[in-house]
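Starting from the known structure of chain A, arrange chain B on it as the hints suggest.
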Amino acid sequence: MKEFLDTALNTATANGADYADIRISRHKNQSIRTRENRIQSISNSESYGFGVRVLVDGTWGFAASHRLTKNNVANITMRAMEIARANRVVQRIPIRLAEVESYEAQWNSPIIKDPFEVSINEKIDLLLMVNAEALKIKGAKYCSSSMLFMNEEKHFASTEGSVIHQNLHRAFPSFTVTAIDSERGEFETRTVDVLPMGLGYEYVEQSNLVDQAPKMAEEAVRKLTAKSVEPGPKDLILHPSHLWLTIHESVGHPTELDRALGYEANYAGTSFLTVDKMGKLKFGSDIVNFVADKTITGGLATCGYDDDGVKTTEWHLVKDGIFIDYQTTRDQVHWEKYQAARRSAGLPEVNRSYGCSYGDSWSSIPFQRMPNIHLEPGKDALTLDDLIADTQDGIYIVGDASYSIDQQRYNFQFSGQAFFEIKNGKIVGMLKDVAYQANTQEFWNSCDAICDERSWELGGTYYDGKGQPGQSNAVSHGCSPARFRNVNILNTQKQI
Amino acid sequence: MILSESESRRIIERTLSFSSADEIRVNLSGGRSGNTRFALNSITTSGDEDTLNVRVLVYFGKQHATASGTEFTDDALQKIVHTAEEAALFAPEDPEYVPELQPQVYLPITPYFSNTAAATPELRAKGVQSSIEPSINKDLISAGFFSNRHGFSAVGNNHNLFGYYQSTNASFSVTTRTQDGLGSGWGSDSARNIDLVDYQAASARALEKAEASSSSKTLEPGTYPVILEPQAVSDFMRFGSYALNARSADEGRSFFSKAGGGNKTGEKVAGDNVTMRSDPTHPELLGSPFGGDGQPAKKNIWIKNGVLTQLYYGRYWAKKQGKEPTGYPSNIIIEGEQGTLDELISNTDRAVLVTRFWYIRFVDPQSLLLTGLTRDGTFWVENGRIKHAIKNFRFNESPMAVFNKITGMSEPVRVGGSMVPAIRASEFTFSSLSDAV
Chain A
1 MKEFLDTALN TATANGADYA DIRISRHKNQ SIRTRENRIQ SISNSESYGF GVRVLVDGTW
61 GFAASHRLTK NNVANITMRA MEIARANRVV QRIPIRLAEV ESYEAQWNSP IIKDPFEVSI
121 NEKIDLLLMV NAEALKIKGA KYCSSSMLFM NEEKHFASTE GSVIHQNLHR AFPSFTVTAI
181 DSERGEFETR TVDVLPMGLG YEYVEQSNLV DQAPKMAEEA VRKLTAKSVE PGPKDLILHP
241 SHLWLTIHES VGHPTELDRA LGYEANYAGT SFLTVDKMGK LKFGSDIVNF VADKTITGGL
301 ATCGYDDDGV KTTEWHLVKD GIFIDYQTTR DQVHWEKYQA ARRSAGLPEV NRSYGCSYGD
361 SWSSIPFQRM PNIHLEPGKD ALTLDDLIAD TQDGIYIVGD ASYSIDQQRY NFQFSGQAFF
421 EIKNGKIVGM LKDVAYQANT QEFWNSCDAI CDERSWELGG TYYDGKGQPG QSNAVSHGCS
481 PARFRNVNIL NTQKQI
Chain B
1 MILSESESRR IIERTLSFSS ADEIRVNLSG GRSGNTRFAL NSITTSGDED TLNVRVLVYF
61 GKQHATASGT EFTDDALQKI VHTAEEAALF APEDPEYVPE LQPQVYLPIT PYFSNTAAAT
121 PELRAKGVQS SIEPSINKDL ISAGFFSNRH GFSAVGNNHN LFGYYQSTNA SFSVTTRTQD
181 GLGSGWGSDS ARNIDLVDYQ AASARALEKA EASSSSKTLE PGTYPVILEP QAVSDFMRFG
241 SYALNARSAD EGRSFFSKAG GGNKTGEKVA GDNVTMRSDP THPELLGSPF GGDGQPAKKN
301 IWIKNGVLTQ LYYGRYWAKK QGKEPTGYPS NIIIEGEQGT LDELISNTDR AVLVTRFWYI
361 RFVDPQSLLL TGLTRDGTFW VENGRIKHAI KNFRFNESPM AVFNKITGMS EPVRVGGSMV
421 PAIRASEFTF SSLSDAV
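Heads up: the protein sequence lines correspond to chains A and B, in order. Using the numbering used here, read the first sequence as starting at 1 and increasing by one per residue. Using the numbering used here, read the second sequence as starting at 1 and increasing by one per residue.
Because the hints were derived from the structure by calculation, they are not lab data. Careful: at least some of the hints might be erroneous.
Said to hold, decoys possible - Dumping the calculated PhoX-like pairs for lysine-lysine here, alpha-carbon to alpha-carbon at most 20 Å: (1) B:K258 / A:K141; (2) A:K423 / A:K227; (3) A:K494 / B:K268; (4) B:K320 / B:K258; (5) A:K494 / B:K258; (6) B:K391 / A:K28; (7) B:K405 / A:K494; (8) B:K264 / A:K494; (9) B:K320 / A:K141.
Computed from a predicted structure; not experimentally measured.
Only chain A is shown next, with the shape it has when bound in the complex (with noise of 0.2 Å):
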């Protein structure tokens, strides 16, 4: 490994370029796939190879190749600087990246079991376990269950003497159960509440997903028959398997640095939170603190370094409801507007990345990619049954679903999986026809009470797109449950 290591940042070097790093990982996916009684896939799929960054006069210029041989790595550390020398012309911002430690360092997603040595068998059982389950239900007609796990092993080294292996590890179970109505020709649809990890098999065990079937199958069936919702402002509550994904869109994606000064402007779009909104923004009510982390047990984003070989860390996007920071790389932190910014509101000054750079692949350019985010747990005593308690007239929601947001975080509109009616302090039943639609800084200032540590759990996503050509990053978004006042529903039928 190290004679590969070294012929890219040596070739780089000797050749003129200012920065070099070189990514040598491998992939390994297993995905089985069921519904009702059959195994519709089992794959595994393995992906090797490596890719060289280099920084020539302050233009990036990035190869990778799947043919790890001594020549080969060679070949593509030039294929890079050429690269970069084609774009110099048009390089009128050049590249600059903050400092970093280098380290020699080794890092392991903490697992217990690792997915891979279990036997596809046991995985088989399990689901089909769970198809059964569920369909034992009357009503519910169809069940789709899923296991995905994932491995990404790499080894960095950098031209600033880093040599850093990792190993991380994701897994996710998930379920869907159908229930149809024939002679009506309607269905509904219900996604067990179980998200993505960056553990290991025992996540998967401590799921009870087969426990969980008959429960989502009912749920399934009662959609069908609920009560279509009034539109109107109502006060919500969100779980935290539903409020991960507000979280994902509205903080997590406006925080992003790059989003706010344009570089993704062709793409995802820019973001409302501008550079000389920080520290001065009131973006949510005063107990609504957002932190940003890679360093969780648990998260999808968790690791030990990043793609730049910046250590991991933690710091506040939100702190008591005011706007303070953003998401960072080291070619980001120098940014004269975001510095500018900084010392206008008075804030500390920061000369290191946050560890936010991350590519999906060998072949990936790394990039700034979202850390996991995390809404702080509320600082007294309050569990759901009191939160409900204390509502008069509102829904309750749990999962998620269909998620829209615009391309400068505005405006979003969020559906569920379950939406239960609250009346007086009471679930009084389902209704059905259910998304609520909002202004993000609006949103979160009619945040008026979040649940303590107790109710804190982590949702999250495999699957984060962004960049072009498009990435997917994983990353996990810890909350309580939370009350939202007067936010606008709608009903969602439509005839056509």
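Same frame as chain A, now just chain B:
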């Protein structure tokens, strides 16, 4: 990495020889891609990717599993075959098993152009430069992406099926914004042949729309007549094509399910002026000659004059229902009418004109209700002219509802992998305003 037809055949045969399974299919794919990204009128990142992948599907009787990898030594190929075989032996028998295909005849499609394959970082940088310069000259800010790819795909199995083709693609897109952040425009083009990618015209469109949209007025949310530009049509209507799966319809979980059972084939689902089809041989689109399982790509008419004529059938569901497999829709072609977008606008009394949509998601798969937002140039048309820019909207609307309200179309143009017209519809529901630009 591009493998020739003979190299592909040799690796497939070599891989087949390592298996003791009853049936085995091998897919090879790979290629070389280059891309250049820019923002704030300057190149940001640029890369070059060389890939090669092998995927193996094995069957023991009706038990099956797949494995894939990127290493091609004999040891590595044997390991991939072994991984697939080991997993297949654990799998229960699949009641939906269908045998692997016998040799097939493919449509003569060559979606390959040598100049796209030969495109260099210098050529892309030149394209970026020509996009950035007018933006700088007008004190605007541009961000965009220029990419090209040369790839190949091969499939073979132990029933002597074999297929091979090379393909190329090039794509350019740019977003231009005003310095004050109040105006934004977008343009794009893509083609198999990089010489047909008109990045200068796309850049000019983005620039023009950025300037034209910089002083927008507020139009209250509601239901309005609408003109969807071809990109907006492609963004929106493709969600309708996702629902064409016959099995979902027959199982009662689709817009195309019929109350009481079965599907809506033969029923009127859209206006008389709607015809939607797929044609992998279309000269402007040039699709893939076969799918991953080696099935030939086919021409299909999904909706003809508003009547649902065909749903998509996979091999198992086709056999079960006594139908022919259709192949997955290789592209979407919506027949239009005569005339250009400008002519459609000039014949319109009043309408919201949408450049494109963003972040479209299903809200209700039953009615195909979608939500999403307008982006990069939304305008009010009155008395045949664009009167002024308007603020962006969120919409909640169904493509099938719009398919029933089309009052005019332009001739179809190429948008990515589709040929679609601009469409004017009598009603479109915008549910709220968005402050986003």
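To see whether the hints hold, each was checked on the structure:
no. : hint            : in the structure
1   : B:K258 / A:K141 : holds, 16 Å
2   : A:K423 / A:K227 : holds, 14 Å
3   : A:K494 / B:K268 : holds, 18 Å
4   : B:K320 / B:K258 : holds, 19 Å
5   : A:K494 / B:K258 : holds, 17 Å
6   : B:K391 / A:K28  : violated, 46 Å
7   : B:K405 / A:K494 : holds, 15 Å
8   : B:K264 / A:K494 : holds, 18 Å
9   : B:K320 / A:K141 : holds, 19 Å
Of the numbered hints listed earlier, the single one contradicted by the structure is hint 6.
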